[in-house]
Amino acid sequence: MMKKRLTNGFYRLGFILISVVVGLPLYYLVVTTFKTPEEAALSPLGLPSSLNFTNYQRALEAMNYGNALKNNLIITVSAVILLVVFASMAAYVISRSQSKLFKTMYNIFLVGLIIPFQIAIVPLYQIISGLNLMNTHLGVILVSVFCINLPLSIFLLRGFISTVPVELEEAAFLDGCGTFKTFWLIIFPLLKPIISTVVILNALAIWNDFLTPLLFLQSPDKAVLLQEVYKNVGPFSTNWTSFFPMLVLSVLPLVVFYIIMQKRVIEGVVAGSVKG
Amino acid sequence: MYKTRHAWFFLTVPLILLSVFTFIPAIAAFILSFTNYNVFQPIEFIGIQNYIDVLSDHSFRNALSNTVYFWILVTPALIIFPIFLAILVNQKLKGISVFRLIYYFPVLVSIVVTAILWRWMFAESGIFNYVLSLVGIDPIRWLTSTKTVMPAMAIVTVWQGLGYYMLFFLAALQGVPKELYEAADIDGANFVKKHVYITIPLIKPMIFFVAVISTMSAFKEFTLMLTMTSGGPLNASTTVVLLVFKEAFERVNMGYASAISFVLFVVILIITIINKKFLDTDYK
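These protein sequence lines are chains A and B, in that order.
Sequential numbering of the first sequence, starting at 1, is according to UniProt numbering.
Sequential numbering of the second sequence, starting at 1, is according to UniProt numbering.
Just so you know, the hints here were simulated from the structure itself, not pulled from any lab data.
There could be a bad hint or two in this list.
Pairs of lysine-lysine residues, derived as PhoX-like cross-links and limited to a Cα-Cα distance of at most 25 Å, are as follows [what the hints assert, rightly or not]:
1. B:LYS194 x B:LYS94
2. B:LYS178 x B:LYS193
3. B:LYS92 x A:LYS263
4. B:LYS204 x B:LYS193
5. B:LYS178 x A:LYS231
6. B:LYS204 x B:LYS194
7. A:LYS263 x B:LYS178
8. B:LYS193 x B:LYS92
9. A:LYS263 x B:LYS94
Please model the complete structure; the sequences and the hints are all you need to start from.
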């Protein structure tokens, strides 16, 4: 009993130490946003003397926050939906088919996983402008889905689908369901745990992607949050207590999303890899 | 059973779009790597000249050695620390989910935001030097000295990656039978022994999997360096992909930039093939 309490105490100490190391940068970020420049210089790690939201007000205006947030949401939500639909359908067909051709196709998808997307930036740029997708959200969405995130999603989904028993589908086929109906009515609902992994991983990746919007969205009214942050690095370089709230504001929506999804994040990863 | 033509219907759209946005650009980039394309002049084929130039290019060698250095600093740390964290977080204790949340937090922060934040913290009069001054250590020129810039980048990367890889190991730990630990407890094994002899061997496939993905992302890293130091001082933090980016968009040597990226692709491919065996054991 004594020993048990001792090890628990040891664990707790470990938790707290690591939390301090991991959390320090974030603590520093958040407390600084409530300080005046003088206060921040004098005691960088102290708690702010008062909860002062003027820094946030200035940041919201300088970032054009509402509009940038809307752009981020449009891109992330549409891209994630497209990814879930296409990746799950492709993964299903690949994992159920016996033919060599489909196995080869899976390997083709996987090559997409290894190619660093930066290799192809120049031709990609020309393709996007050739298709008149430059400076449109659709262009960014298509690049995020089909150039960056699709292969990994197919990879994760295929691993999971191969553990789903085939008997269910056979029954559905006998009842006269086509492939399409069988997939959406029988298989898709069973994929919930891995779908939540795919949704979370991709939502994070797309929300935080900086390079794609930087390359393909030029007009200010289409810009995403990170572009707004980046745009203000220079103008606010001397006034960083006003700049730090922008960093907080760009992460905040994801934090909310994560807290809502938290349980699923861990469940999903567990489901995805243990069965995989 | 399902019909192949239906299967084709499922696959056609993603295949076409994947071709348009990934394979065609990649093939075009491969072709460009044999030309002197620089936007302003007409394209001319120059054979393998670009590749010869890359291999004898001093700045490419420098970038490659920086990248390998970064990889050596980052990948082992991103295996060892997350395993330790996962073991800790896997304990059934009160309030464990709060700790999980804290450790996962850095993963939510974009690399750009991370880079900007840490640039402030590493500054001459930044928070790290402030803490050092409290214990009487002279300030360190974190990002402006060629010696410390890559370790500084590695610290940032490890900070950000800890929680991400912790989740993978946490998942693997769920597959370790509890009885083994109970048996070890009866035999009087301590914390270290239990995990060295039980946990590590059983989560080996996941260790290799994490090694592969963290290797790939270490070799592709450039946003962090671009936003923190632009590759300086004296190119000490210029990675290969950052060099590609600079050649393509600052010096507009598109053909040459493509050649560099294909040399990198071959390097990544070789590492991946070496590890493919382990990848396969994990995802069957």
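For each hint, the structure was consulted:
1. B:LYS194 x B:LYS94: holds (23 Å)
2. B:LYS178 x B:LYS193: holds (15 Å)
3. B:LYS92 x A:LYS263: holds (15 Å)
4. B:LYS204 x B:LYS193: Between LYS204 of chain B and LYS193 of chain B the Cα gap is close to 16 Å, so the pair holds against 25 Å.
5. B:LYS178 x A:LYS231: violated (52 Å)
6. B:LYS204 x B:LYS194: holds (15 Å)
7. A:LYS263 x B:LYS178: Roughly 22 Å between the alpha carbons, so the hint for LYS263 of chain A and LYS178 of chain B holds.
8. B:LYS193 x B:LYS92: Since the Cα atoms of LYS193 of chain B and LYS92 of chain B sit roughly 20 Å apart, the hinted pair holds (cutoff 25 Å).
9. A:LYS263 x B:LYS94: holds (16 Å)
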